[in-house]
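J.: The hints should help you fit chains B, C and D onto chain A, whose structure is shown.
Protein chains: 4
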Amino acid sequence: MEYRLLIDTSDAKGLVYEISKVLYEHNLNIENNAEFVDKEEDKFFMRTVVSGDVNKEKLLEDIKTILPKDAQVKLNSVAKKDIVILATKESHCIGDILIKHHSGELNANIKAVIANRDTLKDLVQKFDIPFVFVDSDNITREEHEKKMIEAIGQFDFELIVLAKYMRILTENFVQTFSNEILNIHHSFLPAFIGANPYKQAHQRGVKIIGATAHYVTNDLDEGPIIAQDITRVDHTFSWQNMRDAGRNVEKVVLSNALNLLLKDKVFIYKNKTVIL
Amino acid sequence: MEYRLLIDTSDAKGLVYEISKVLYEHNLNIENNAEFVDKEEDKFFMRTVVSGDVNKEKLLEDIKTILPKDAQVKLNSVAKKDIVILATKESHCIGDILIKHHSGELNANIKAVIANRDTLKDLVQKFDIPFVFVDSDNITREEHEKKMIEAIGQFDFELIVLAKYMRILTENFVQTFSNEILNIHHSFLPAFIGANPYKQAHQRGVKIIGATAHYVTNDLDEGPIIAQDITRVDHTFSWQNMRDAGRNVEKVVLSNALNLLLKDKVFIYKNKTVIL
Amino acid sequence: MEYRLLIDTSDAKGLVYEISKVLYEHNLNIENNAEFVDKEEDKFFMRTVVSGDVNKEKLLEDIKTILPKDAQVKLNSVAKKDIVILATKESHCIGDILIKHHSGELNANIKAVIANRDTLKDLVQKFDIPFVFVDSDNITREEHEKKMIEAIGQFDFELIVLAKYMRILTENFVQTFSNEILNIHHSFLPAFIGANPYKQAHQRGVKIIGATAHYVTNDLDEGPIIAQDITRVDHTFSWQNMRDAGRNVEKVVLSNALNLLLKDKVFIYKNKTVIL
Amino acid sequence: MEYRLLIDTSDAKGLVYEISKVLYEHNLNIENNAEFVDKEEDKFFMRTVVSGDVNKEKLLEDIKTILPKDAQVKLNSVAKKDIVILATKESHCIGDILIKHHSGELNANIKAVIANRDTLKDLVQKFDIPFVFVDSDNITREEHEKKMIEAIGQFDFELIVLAKYMRILTENFVQTFSNEILNIHHSFLPAFIGANPYKQAHQRGVKIIGATAHYVTNDLDEGPIIAQDITRVDHTFSWQNMRDAGRNVEKVVLSNALNLLLKDKVFIYKNKTVIL
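Here the protein sequences come in this chain order: A, B, C and D. Under my numbering, the first residue of the first sequence is numbered 104, with each subsequent residue one higher. Under my numbering, the first residue of the second sequence is numbered 104, with each subsequent residue one higher. Under my numbering, the first residue of the third sequence is numbered 104, with each subsequent residue one higher. Under my numbering, the first residue of the fourth sequence is numbered 104, with each subsequent residue one higher.
So that you can see chain A by itself, here it is in the shape it has in the complex (with noise of 0.2 Å):
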């Protein structure tokens, strides 16, 4: 069995030594390994995956042991996540995440979709996966916020993705799910931060234009950058032509980010990553 044993602490001196010295007593072969020292701020960050007679247990036991007293450890299996994702109307995304799951190329169960609108419905059933209607029209943000909350509830899952999801989520939301949420920014952040960013990156008459995927914190597209990509544009495009050769981008950088998250491979830190 492989596990990713997964370490954020503060630094130490021989913590290479230590860490990999338990886990040749445990008689575990390492299959990859990735370290990350920032000495400005004294952080030490781990991931590595080993392979072997895994005891759980014992070997968290004895990792917690030798390292400092505010890391924190994890031991993932390396098995499908349950992910749900949250849509509105757009189908590049979600599609594309559709596509490879349907292929088996997505490491990740797709447990539901929910949407504020029921455009995505047709496709999402296609593909056999729940699609939940939760209608944001005529009711107030806060209304719709808790029939969203109560109908991701009713999923067990380890990660939202917001594949286009286009709300303002309140901090209430952010905080009802320990679970970590990845969103998809159609812009190049910190470029055009809130509504409509083509329409604003057309204004300004930007020769690039690209996406972020980012991690969703309190607030609103201020959270740990995952992943960023960009695209080359210029004075022939519309707004709409910038959209769309946009969506190519996004959807690319969602997928990346999500990959990487499914692989355990992103470290959170003072609201950047560590992508190990």
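Calculated directly from the structure, the hints in this document are not laboratory data. One should not assume that every hint holds.
It does not matter which identical chain is used: a pair holds within one copy or between any two.
Below are the SDA-like pairs computed for lysine to any residue, each with C-alpha atoms no more than 20 Å apart in a straight line [unchecked claim]:
#1 Lys-224 to Glu-208
#2 Lys-142 to Asn-130
#3 Lys-375 to Gln-343
#4 Lys-161 to Asn-179
#5 Lys-214 to Leu-365
#6 Lys-302 to Glu-144
#7 Lys-124 to Lys-167
Predicted model only: the values in this text are computed from it and were never measured.
T.: Leaving out everything else, chains B, C and D in the frame of chain A:
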């Protein structure tokens, strides 16, 4: 009504003047205009989107009158084009096209998907697109291609799209269809022509991989290039990792090239393309 | 002789016809032609390289006659332009320009480098270019700018290039010179406006950094964007690493933008650029 | 004092543990650490920056003791490396290096520039770097190479940088210098091996061109690739335009690769590079 006037001719003095004069006398508006003159090769290309009360036959006649004798002139409507897609078993390119088709973002009607494996049958049929399975097992290449030509021949279409159709096409096939054939090759051509370019790229130790959309001609992987893009890799990538990363590039490059063809933006010339 | 005819006007029916007719009647060859029509804003831009026996005054007169009254028309020779460069102490941008100038690859004459530090004096003088040091220490911003304006005023030139001139320009400065002013900003605008964008980028944890060449207007970092490019960074980059990586981008973006200006390819319009 | 410990060995269980134990027992701090294990090929690479009171000989001995017999171990200081640059007549790559050297941004001492044309003499001597002209006119390739080897042999250095040295190197040359030889090739290898890659690229009609920095081995343009980058071109580019655009890519790629070598970040393995 809008039309696209497409001119491919040897160069001559006053061409822009003569052509724009005809359009002016036909009382047409120029919505968009682009020319390219290759002085060295004495060639002139022009793509003009005109609107107004277009008398197609008279306009073509008047345009041809003022052009050199070798001129090729087309006057295309801006309507959706009919296409037939050939595939094998990978779903990323065809999936991307199906999602765009379903959401109305593709300026084409998909008449059929024809494949030499039945892997994609379930996916294609979800979208109510005819799927034709022409098994390539246990028959000769010639027999299989004959059956493919028959299968394709049942449909009316303007363009064949090879969305990861993993079979070599014979000269006979290419010449049977006077229509354009668009292919996506999974390398940055002319690097890694032929089979399994990701394995070749891995073995060569490149730091960037790519994909190339090109017209199919008699020479394998040697046709006029329409679009290319790349993504970065490093020593941690197995060839399978390269393939997975490359798929995102392949589908975007194919999608971009297809869009260019659907908008009549591509002229072929000396085994190269001029894109207006 | 070759000339560049540059037209910036409100749109009108038959403009291409009327303009090409004048060129035809003047018996000129069109070496290269590009137009852009913004239908929404009713604007027309055209850059035409003509060769032949050009009667400058008559041609300009005839062209203006057939254009809308608001039209701006220029007929520029293809000769080298005279430029003045402003700098502070970083050598990557100015060094790149000096090397290109020395090898004859730059289509410009450098009349002088004027700097508020003397750091670059040795480098600039190696290339026999006048170096003017206008010390910014111990004087007010206004006093320094006054001296800069005097120093710049000694030279005849068409274009001011800010090659990492790390001073904020006042409205007065910008309005003193009717010439164009080109700046390189060390971020992917509009992200990280203002001071020390690499520190800002590091703190925000972006995965891509960039540089932006733009015209200088009264609003700092808000002028029309001419060229942008990017490079990838990750969590291992300190802000100094980002700065070092960014410098390669800065110098290439500045060089590309400068080339566009020297070829008269850039039109300004609504705080954006049209590049033909 | 900081040192870089560089290990290239066949893989074995417990290597990280054993190595980090030695470092721990030597009471050294790990400033930075990166490993790569190729499970398929049973190979292990490690680059560790250590600080503290380093006993070089004892440390090397202790490390070698615990490693497999085929292990190659180096303990390099972080001091500047001495380099010799070979060039012909283009100034963009050598100019870029000279500017960085002059500003102190290059972590190397340039011992000499040796060229088979005298075109660059003036430029190089501006920077007080020895310029050796070994004329390649009117003598055989063998005679010229013999003279080059003599000229190079006068200097002590760790690395030869071919900054657009446009001569084919013989096996004899490559084997004469046990030092590493870094070359910049003006194409996206393995596309366009050999002479005049920009003309080849223009003729093939590619939409992207690139440059490749690689180690020189006996096989021309076939050595391990260190860095690559690209830029976009289109049908309006003559081959000279491609060359001019490509030069910006060449100099940045060479500069990046040179930095990697100067930081001891590159391991060679099966004609590929591992970059830690």
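J.: Each hint: holds or not?
T.: Against the structure, the hints come out as follows:
1. Taking the shortest Cα distances, Lys-224 and Glu-208 sit within 20 Å of each other only across copies (17 Å), while inside one copy they are farther apart (22 Å).
2. For the identical chains of this complex, Lys-142 and Asn-130 are inter-copy neighbours only, at 17 Å across copies versus 30 Å inside a copy, given an alpha-carbon limit of 20 Å.
3. Taking the shortest alpha-carbon separations for Lys-375 and Gln-343, only the inter-copy value of 17 Å comes in at or below 20 Å, while the best intra-copy value is 31 Å.
4. In this assembly of identical chains, the alpha carbons of Lys-161 and Asn-179 lie at most 20 Å apart only when taken from the same copy (14 Å versus 40 Å across copies).
5. Taking CA atoms no more than 20 Å apart as the test, Lys-214 paired with Leu-365 passes inside one copy only; the shortest distance there is 15 Å, against 37 Å between copies.
6. In the homo-oligomer, the alpha carbons of Lys-302 and Glu-144 lie at most 20 Å apart only across protomers (15 Å), although the nearest pairing inside one protomer, at 39 Å, exceeds that limit.
7. Taking the closest pair of Cα atoms, Lys-124 and Lys-167 come within 20 Å of each other both inside a single copy (13 Å) and across two copies (19 Å).
Violated hints: none; the structure is consistent with every hint.
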